[in-house]
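S.K.: If you read the sequences in order, they're chains A and B. For what it's worth, full-length UniProt numbering labels the leading residue of the first sequence as 1, then goes sequentially. For what it's worth, full-length UniProt numbering labels the leading residue of the second sequence as 1, then goes sequentially.
There could be a bad hint or two in this list.
[Said to hold, decoys possible] Examples of chain A residues lying across from chain B (beta carbon under 7 angstroms, computed):
no.	residue
1	Ala138
2	Thr222
3	Leu223
4	Pro224
5	Cys247
6	Val265
[Said to hold, decoys possible] If you want the footprint, here are the derived chain B segments under chain A, 3+ residues with CB under 8 angstroms:
no.	region
7	40-49
8	368-382
By construction, these hints were calculated from the structure, which means they are not laboratory data. Predicted model only: the values in this text are computed from it and were never measured. Where a beta carbon is used, it is the ideal one built from N, C-alpha and C, also for glycine.
One-letter residues, chain by chain:
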Amino acid sequence: MHRSSEVKHVASYLNTRGCECFGQPCESHCPVLTDRTIHVQLKTFIKIRVKPDRTGVVTDGVKHSMNPFCEIAVEEAIKLKEKKLVKEVVAVSCGPQQVQETIRTALAMGADRGIHVEVSGKDYETLGPLQVSKIFAALAKKEQADLIILGKQAIDDDCNQTGQMTAALLDWPQGTFASEMTLEADKLKVVREVDGGLETIKIKLPAVVTADLRLNTPRYATLPNIMKAKKKKIANVKPADLGVDVCSRLEVLKVDEPPQRQAGVKVETVDDLVGKLKEAGRV
Amino acid sequence: MTHCMKGFQAGLRFQSTGPQASARAATAALKESLGGFSFELTDQQKEFQEVARKFAREEIVPAALSYDKSGEYPFPLIKRAWDLGLINGHIPEDCGGMGLGIFDSCLITEELAFGCTGVQTAIEANSLGQMPVIIAGNDAQKKKYLGRMAEEPLMCAYCVTEPGAGSDVAGIKTRAVKKGDEYVVNGQKMWITNGGKANWYFLLALTDPDPKCPTSRAFTGFIVEADTPGVQPGRKELNMGQRCSDTRGITFEDVRIPKENVLIGEGAGFKIAMGAFDKTRPPVAAGATGLAQRALEEATKYALERKTFGKFIAEHQAVSFLLAEMAMKVELARMAYQRAAWEVDQGRRNTYYASIAKAFAGDIANQCAADAVQIFGGNGFNSEYPVEKLMRDAKIYQIYEGTAQIQRLIISREHLGKFKQ
Numbered sequence: 001m002h003r004s005s006e007v008k009h010v011a012s013y014l015n016t017r018g019c020e021c022f023g024q025p026c027e028s029h030c031p032v033l034t035d036r037t038i039h040v041q042l043k044t045f046i047k048i049r050v051k052p053d054r055t056g057v058v059t060d061g062v063k064h065s066m067n068p069f070c071e072i073a074v075e076e077a078i079k080l081k082e083k084k085l086v087k088e089v090v091a092v093s094c095g096p097q098q099v100q101e102t103i104r105t106a107l108a109m110g111a112d113r114g115i116h117v118e119v120s121g122k123d124y125e126t127l128g129p130l131q132v133s134k135i136f137a138a139l140a141k142k143e144q145a146d147l148i149i150l151g152k153q154a155i156d157d158d159c160n161q162t163g164q165m166t167a168a169l170l171d172w173p174q175g176t177f178a179s180e181m182t183l184e185a186d187k188l189k190v191v192r193e194v195d196g197g198l199e200t201i202k203i204k205l206p207a208v209v210t211a212d213l214r215l216n217t218p219r220y221a222t223l224p225n226i227m228k229a230k231k232k233k234i235a236n237v238k239p240a241d242l243g244v245d246v247c248s249r250l251e252v253l254k255v256d257e258p259p260q261r262q263a264g265v266k267v268e269t270v271d272d273l274v275g276k277l278k279e280a281g282r283v
Numbered sequence: 001m002t003h004c005m006k007g008f009q010a011g012l013r014f015q016s017t018g019p020q021a022s023a024r025a026a027t028a029a030l031k032e033s034l035g036g037f038s039f040e041l042t043d044q045q046k047e048f049q050e051v052a053r054k055f056a057r058e059e060i061v062p063a064a065l066s067y068d069k070s071g072e073y074p075f076p077l078i079k080r081a082w083d084l085g086l087i088n089g090h091i092p093e094d095c096g097g098m099g100l101g102i103f104d105s106c107l108i109t110e111e112l113a114f115g116c117t118g119v120q121t122a123i124e125a126n127s128l129g130q131m132p133v134i135i136a137g138n139d140a141q142k143k144k145y146l147g148r149m150a151e152e153p154l155m156c157a158y159c160v161t162e163p164g165a166g167s168d169v170a171g172i173k174t175r176a177v178k179k180g181d182e183y184v185v186n187g188q189k190m191w192i193t194n195g196g197k198a199n200w201y202f203l204l205a206l207t208d209p210d211p212k213c214p215t216s217r218a219f220t221g222f223i224v225e226a227d228t229p230g231v232q233p234g235r236k237e238l239n240m241g242q243r244c245s246d247t248r249g250i251t252f253e254d255v256r257i258p259k260e261n262v263l264i265g266e267g268a269g270f271k272i273a274m275g276a277f278d279k280t281r282p283p284v285a286a287g288a289t290g291l292a293q294r295a296l297e298e299a300t301k302y303a304l305e306r307k308t309f310g311k312f313i314a315e316h317q318a319v320s321f322l323l324a325e326m327a328m329k330v331e332l333a334r335m336a337y338q339r340a341a342w343e344v345d346q347g348r349r350n351t352y353y354a355s356i357a358k359a360f361a362g363d364i365a366n367q368c369a370a371d372a373v374q375i376f377g378g379n380g381f382n383s384e385y386p387v388e389k390l391m392r393d394a395k396i397y398q399i400y401e402g403t404a405q406i407q408r409l410i411i412s413r414e415h416l417g418k419f420k421q
């Protein structure tokens, strides 16, 4: 189909997620427990706790914000719009009422309008990449999108599946782990970060791209843009309206914390070290 | 992340049914009956606060120490803040600003001050200089002088204090004499923040030297372009703290000001200058609170890392009590400035609350900074740790924008005045 400079654009599945640090320093964003908890600049140690019934992680009271990779996706979309390569940027998020805040952040960054796919309660607890991909595929067809950009993965569940599944459901090409993307007429040149280095591919639009860390540095929302964002529209849609069944095929059996680190053993000499390793069956 | 999370769904857990829901319903009913009083911020206020907080912690904090050492004017940071719309928020919308209330400005100010009060003071001096124009300027003056602030990252300054008159504003001697369509100004101002960087000044000068003329009619407020011949900024003063802020003496030698630049009219100056304070004292209090919050957070972080006598120092009551008292002071200072800002945004005279907020916040900022140094112990006295800077920066909050003593004068006058009614 003809696509030149009239590319419409569906931006990312905005993850409103908590951050799983598991006691490790977290560079990107970190939840703060209350408005004024000890928040030590960027490197915050927040202990994520498993719920007592082992069905998941405690999220009550944990601040949620846009998934960092999704921020990068939104930024890329807005950059394309600023270069006038794209006509409209639509920010989409699936979840309960709270995700509207995240959509507003995207609007404040420069997206034109938002779509809130309402999923709440039990459905939200079991919402996973497959259902989201179905929602996305349905929306893409409805909105006649030419390009979908998502974060490569959510930093809480690290699934790294939604982008790929969405492309498959739509039968569209995909450029995942993008660290660079260039729109050339109706083709997209994507530089992907892969294990062996960088891979450059050219894919035809319409396509799905997932954003990796080095794609760009997301802008701050400026105060005037935050005020303008209030006037931008967020449409409400239910999965049923899109003909999508959000019932999960997966059941969480249990969630455990990582095993406690055992204390190490100090040895005096290299021989001792080798001896201990042999004892432990490691050598 | 090697931990296997098959089928694990994270995200918000909203229990939309069950005991939590009925508890929420009960709270909602209570809310209705409590009426208007609320500590809740609007979504927009929260978003503004988020941006300011992020900017302060990610961009101001890392740069603050080097600006303090070099004393260099933090123009790159100011430009960034301007780009983000964090400064000049109160410029009316028809002049290109966002027309924010004082409350919103205070929220932003507290966050920026957390990063560095030197940077925040440089920014706040803009508000102070602009306020007389905002409250007393005619349309042409507003469009001209406020408009240009919204178009480019320019600075302005508030020129009232003199070498011989600080608290006693009525004692200023800078003289403005009417000559035809102009006023000719001669005199000396001192301790002018942004004195060397401003594009224009608000100037208060004596226009009627007759001793029988009451204070309320003897002074006039002017807008002075900084490049007017005869305006001579002095050297940058080396101060105890807030070192990157530009503070200078300014000499006015036969400076000619067109009569179009008089605010309201001859003799209206004193009231304008004082009226500006009701709107600028809450943000100054907010700045002091930001500093105190920083002191609290740095001290707490340290107390949870440093060990002595076998425990973290935070586990010793002497230290945890110090932290508790710092927390008390910070929370109360915050509530005080928020009340003062809210009052003036409601359109009411807030002098009483503004003075209380400024006096209290200035005092507790000093106490919290000193306590933070104490908690850091020997390290606190050292320039490699962040708290000694806080102590040096805090002192000025008891001096500028009305000294701690002047605030007490105002509060007692207001209080007794209410009592007598």
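S.K.: Each hint should be assessed against the structure and marked as holding or not.
M.R.: Quick rundown of the hints versus the structure:
no.: 1; hint: Ala138; verdict: violated (21 angstroms)
no.: 2; hint: Thr222; verdict: holds (4 angstroms)
no.: 3; hint: Leu223; verdict: holds (3 angstroms)
no.: 4; hint: Pro224; verdict: holds (5 angstroms)
no.: 5; hint: Cys247; verdict: violated (13 angstroms)
no.: 6; hint: Val265; verdict: violated (23 angstroms)
no.: 7; hint: 40-49; verdict: holds (count 4)
no.: 8; hint: 368-382; verdict: violated (count 0)
The earlier numbered hints that this structure contradicts are 1, 5, 6 and 8.
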